[in-house]
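Chain A is already provided as a structure; the job is to place chains B and C on it using the hints.
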Amino acid sequence: MRLTVFEIASLVGGTVRGDGAVVIEGAAGLAEATPRDLSFLSNPKYKAQLQSTRAGALLVAADVDTGARPAVVVKTPSDAWAAVLEILDKERTRRPSGVHPTAVIAPGAKLGANVTVGAHTVIEDGASVGDNTILYPRVYVGFGTAVGADCLIYPGVTIRERTTVGNRVILQPGVVVGGDGFGFSFGAGSHRKIPQVGTVVIEDDVEIQANSTIDRAAVGVTRIGRGTKIDNLVQIAHGAEIGAHCLVVALTGVAGSTKLGNYVTLAAQVGVAGHLKIGDQTIVAAQSGVSHDLPPKSVVFGTPAQPIKDEMKCHAALRQLPKLMEEFRALKKKMGWGS
Amino acid sequence: MRLTVFEIASLVGGTVRGDGAVVIEGAAGLAEATPRDLSFLSNPKYKAQLQSTRAGALLVAADVDTGARPAVVVKTPSDAWAAVLEILDKERTRRPSGVHPTAVIAPGAKLGANVTVGAHTVIEDGASVGDNTILYPRVYVGFGTAVGADCLIYPGVTIRERTTVGNRVILQPGVVVGGDGFGFSFGAGSHRKIPQVGTVVIEDDVEIQANSTIDRAAVGVTRIGRGTKIDNLVQIAHGAEIGAHCLVVALTGVAGSTKLGNYVTLAAQVGVAGHLKIGDQTIVAAQSGVSHDLPPKSVVFGTPAQPIKDEMKCHAALRQLPKLMEEFRALKKKMGWGS
Amino acid sequence: MRLTVFEIASLVGGTVRGDGAVVIEGAAGLAEATPRDLSFLSNPKYKAQLQSTRAGALLVAADVDTGARPAVVVKTPSDAWAAVLEILDKERTRRPSGVHPTAVIAPGAKLGANVTVGAHTVIEDGASVGDNTILYPRVYVGFGTAVGADCLIYPGVTIRERTTVGNRVILQPGVVVGGDGFGFSFGAGSHRKIPQVGTVVIEDDVEIQANSTIDRAAVGVTRIGRGTKIDNLVQIAHGAEIGAHCLVVALTGVAGSTKLGNYVTLAAQVGVAGHLKIGDQTIVAAQSGVSHDLPPKSVVFGTPAQPIKDEMKCHAALRQLPKLMEEFRALKKKMGWGS
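Chains as they are written, first to last, in our numbering: chain A, 1 to 339; chain B, 340 to 678; chain C, 679 to 1017.
Isolated chain A, as found in the complex:
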């Protein structure tokens, strides 16, 4: 990358402050940037670093003071930042290409145009892979599974049989799609397996990150809605339906048959019990445990989760409780009232 601040502004639809002729060759955080790097301010926590940064130019919103330093002013700095990093990404990231001779592709599998099949990747009979999709080395695509176009499927991913992966889906290393749901019937002293004959549908533009697991439904479908992003080590159980454009952060578990609306955020290490309905645009704070249905636009925290304001009030009160107890004991004593 070698762009002037003017060129960057043009690229991201922003306006220039200061010297637009400065040349930028990379991107870095405020603390690490050199005079050849562009940097940006997203988290107000780092505002003080605007003084000390060595960055050659900044990407900021209009209300941020950048002094004499060259800056590109945009409405949404994180979006403009993404656009710049896309250029760097194309430069820096090499990907495999072609069909490697060690790949094992069943004669009955169908590959679109320009599909990459990495070394030691296995595509079983009846499976299909859409145009331009890259299957890295060591991927498994099961019998009858359909993977869409323009996907990136990283090493170590397992997509089991009869599941569907949409277009422009990214599966980071180690993701498992279509493992059996956790379903057993107890009787005569032991657990009998309930075969999981359903499937999984991953809709378009979903990304699922490293080592997360999406179980197949007992019957019917486990669904990850269009545009939803799932972080590392997340468990989505059988028959759950995650709406469109949700964010599910690391180490979260969603239990069986629960339905999330659209634009729901589950922060890290959240648990959502089974058979629940979580309304659109709900936010669940980290480490919460949701045990009841939630209406749209809920913001909850705690185990069991309640509205975050109530939970914070309870927490604050709890921290004063030891003192309250002492006072109450003193009061009882004063009143001559035995415990």
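There's no promise every hint is true.
Quick look at which bits of chain C chain A covers, simulated, 3 or more residues with Cβ under 8 Å [unchecked claim]:
#1 798–807
#2 838–845
#3 850–861
#4 906–920
#5 948–958
#6 984–995
#7 999–1007
Where chain C lies over chain B, by a calculated footprint (3+ residues, C-beta under 8 Å) [said to hold, decoys possible]:
#8 513–520
#9 567–580
#10 640–646
FYI, nobody ran anything at the bench for these hints, they're computed from the structure.
Where is the CB? At the ideal position from N, CA and C, for every residue including glycine.
This is chains B and C only, laid out in the frame that chain A set:
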């Protein structure tokens, strides 16, 4: 599948209500079922759907009103449901078979009769695999490891050296058996690795689901008891012993040397500290943290976990605490008693 | 192994109590040891077992009474135990060696002396692997990635492109290094991916255990400091920096850009929010959620975490809260003071 309601009743040992000649070709949840599907009621939460479902027939317990709709009445609907899904599973699920030419099998490894070894699977020297076991593609069986008969080992599973997997064991994709336990000795400013020279024994009829990890013992054995079922992303640490017929739900961790009895249930995201004894038939509610031994038939919740009734009482009280504090302040004021 | 108690004492720098001529052939826990095994006492909880153990000899600190049984007295029993287990480990553990013909090594990759490349392992162009490193079967080393010398990289590990792994690093099965961080910019109703163009540096002497994930930074570096040990199923997010000689226990998540000092311990299932600074030698108790910066030598517990003494006091008070509420109601009634 193409069975009359009569035939299904005969298959699952149930009795017919209504028209037994109706033909069923699939299975589905109440909300999704078509007139050609069998459905069933397990969770009473869905009782209302018995009115609206389009299912051709229902699988229910005797006390459930099914109106005019054909129904098969059984003692344990979930068990009968499992039996029907087993038929569908056999129809729908294709598995690899034979020994793939890209598999790497050490000359000193021993394979039973009718073993499947998928593409790019590796079996090291001294390992053995029992009759009829299916190793999917991309499995690793380490030096001297014994895998029993009639197992299903899915893609991406790693079974490290000198471990033992029983008969009829199912390991879902990405499971790791026999990774080193987390054991270090601190001294001179750094952590020295304590070699983990012990092993893992997975007993018969165990299922371990996607990306869960069972560490090998430092010395001795990490044991998963007969018939126990472990969900996705569960961590069982070195030297832990899980009893027979337990259920361990997703994202749970059991620390080192802890011993669980039989028929223990650990709900999701539970943590059990090390060196504990958890009695038979104990139930630990989701997101709990167990820090003490528990007698048989305990039912606990919270961090640190206590009997669930006590924990629920504390939770209820906590939610009233902000109000109590206000009242207490008012009382003190009324009494002219300064804080 | 076949060593007298004298020889073991000499090996670990200890002194002999009782009959030093006793021959030891193995090592086991106190409960499982036979007369041919060495055992040791680490956790005082097991002190009572010193009476009942059948161990042929014991490894203990000076203040432990071992009666007439042969014993080796050392300053740090766990360290001496590690030394003995290292001998057993060398005897018991077979590892692959040589470059397997099914490995796929790009012509532009550089291998040091005596490197092992297991079956079906893939090393991409521009990657390098240092002397004596063992890559087990089914490992992926991405474009331009540098793996150091004397490493053990177990089956199923994925090390993505342009990352750095130091010397003497151990990656247990299923570890993912360099998966994309969870970074998106929201606008126009959907999440736009912020390309993660940064990298990961794993310093010398680090061990990362099964199925844990270390994400690459958006820009800059995600760093795991020298000598740090990470347990199974841990998530380290983009741009996080873990100091030297830390312990991070199972199912813990560290969010983006957070910096841990040296010698920090995060017990199991801990969550640390993003953009925080955690001081040296801090200990976070299991299942805690850290939402604020912590000074060095903090010892915290709870969600949100506070000093452990305060948290324990609050817990104790909470358990008395239902009783307090009853008393308060009685008091109000007695005073004729309505609710």
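Fill in: Numbered hints the structure breaks, given as an ascending list
none
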